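Chemist: One-letter residues, chain by chain:
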Amino acid sequence: NAGVTQTPKFQVLKTGQSMTLQCAQDMNHEYMSWYRQDPGMGLRLIHYSVGAGITDQGEVPNGYNVSRSTTEDFPLRLLSAAPSQTSVYFCASSYLGLADTDTQYFGPGTRLTVL
Amino acid sequence: AQSVAQPEDQVNVAEGNPLTVKCTYSVSGNPYLFWYVQYPNRGLQFLLKYITGDNLVKGSYGFEAEFNKSQTSFHLKKPSALVSDSALYFCAVRDSGAGSYQLTFGKGTKLSVIP
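Same order as they appear, the protein sequences are chains C and H.
Position in the first sequence (from 1) plus 68 gives the number in our numbering.
Position in the second sequence (from 1) plus 99 gives the number in our numbering.
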């Protein structure tokens, strides 16, 4: 299993540009999520999904869109990048269930710089 | 709302000495608690979790954590620190209630083990 994969690893954008961060998992996990990591802020949840066709907002959703058309993929879209979106982005996935272990598995991250 | 506090931004410990990284939490229901570790330029790796049962949880690389409900704490411990334990450590919590999937992270504690 490849686990959780993210592309690209690094990206530089200009203000106003759009892009999509890709995330895929091969563990058949129902739950997928996107976090951003900023110095001194820890990880903050952007959006999450509990299954194909179901998404919801996290703590800091503004400026980001997501969709979940398949179990495996959960792309994060920046429609008009802003310098405040400069961050490291992590995708994570886990199983769901009543007795769920809830262990989230993280991808290696995408380091995004918006100029 | 759920929250996690890691009161120390940095912990320094000599190699071979015991280490403790502190975490307190707030959640309306019963907590699921997690510790993750992040090495430089890497994603987060799962260390251990408390779901239910024994308050002392043992995890990877010789780490353990003790759940204390009355003090709402989940401190990470290791009897003898290694230089290779130097990393960023995150505590996380989620409410065990049905339909509550969001994981909330603390801001992280940087552990430095001095040779």
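It is worth saying that the hints were derived from the structure and are not from the lab.
Worth double-checking, as some hints may not be accurate.
Here are the computed lysine-lysine pairs in the DSSO-like style, where the Cα-Cα straight-line distance is at most 27 Å [as the list claims (entries may be wrong)]:
{"#": "1", "chain 1": "H", "residue 1": "206", "chain 2": "H", "residue 2": "121"}
{"#": "2", "chain 1": "C", "residue 1": "77", "chain 2": "H", "residue 2": "206"}
{"#": "3", "chain 1": "H", "residue 1": "168", "chain 2": "H", "residue 2": "209"}
{"#": "4", "chain 1": "H", "residue 1": "176", "chain 2": "H", "residue 2": "206"}
{"#": "5", "chain 1": "C", "residue 1": "77", "chain 2": "H", "residue 2": "121"}
{"#": "6", "chain 1": "H", "residue 1": "209", "chain 2": "H", "residue 2": "157"}
Note that the coordinates shown come from a computational prediction; the quantities given were computed from them, not determined experimentally.
Chemist: Determine for every hint whether it applies to the structure shown.
Modeler: So, going through the hints one by one against the coordinates:
1. In summary, the hint linking residue 206 of chain H to residue 121 of chain H is supported, as the alpha carbons are separated by about 12 Å, within the 27 Å threshold.
2. About 23 Å separates the Cα atoms of residue 77 of chain C and residue 206 of chain H, which keeps this hinted pair within 27 Å; it holds.
3. Simply put, residue 168 of chain H and residue 209 of chain H have alpha-carbon atoms about 25 Å apart, close enough for the 27 Å limit, and the pair holds.
4. Distance check on the hinted pair: residue 176 of chain H and residue 206 of chain H sit about 18 Å apart at the alpha-carbon level, within 27 Å; holds.
5. With a C-alpha separation of about 32 Å, the suggested pairing of residue 77 of chain C with residue 121 of chain H is violated against the 27 Å cut-off.
6. A C-alpha spacing of about 21 Å is found between residue 209 of chain H and residue 157 of chain H, which places the hinted pair at or below 27 Å, so the restraint holds.
In the structure shown, a violation is registered for the earlier hint numbered 5 alone.
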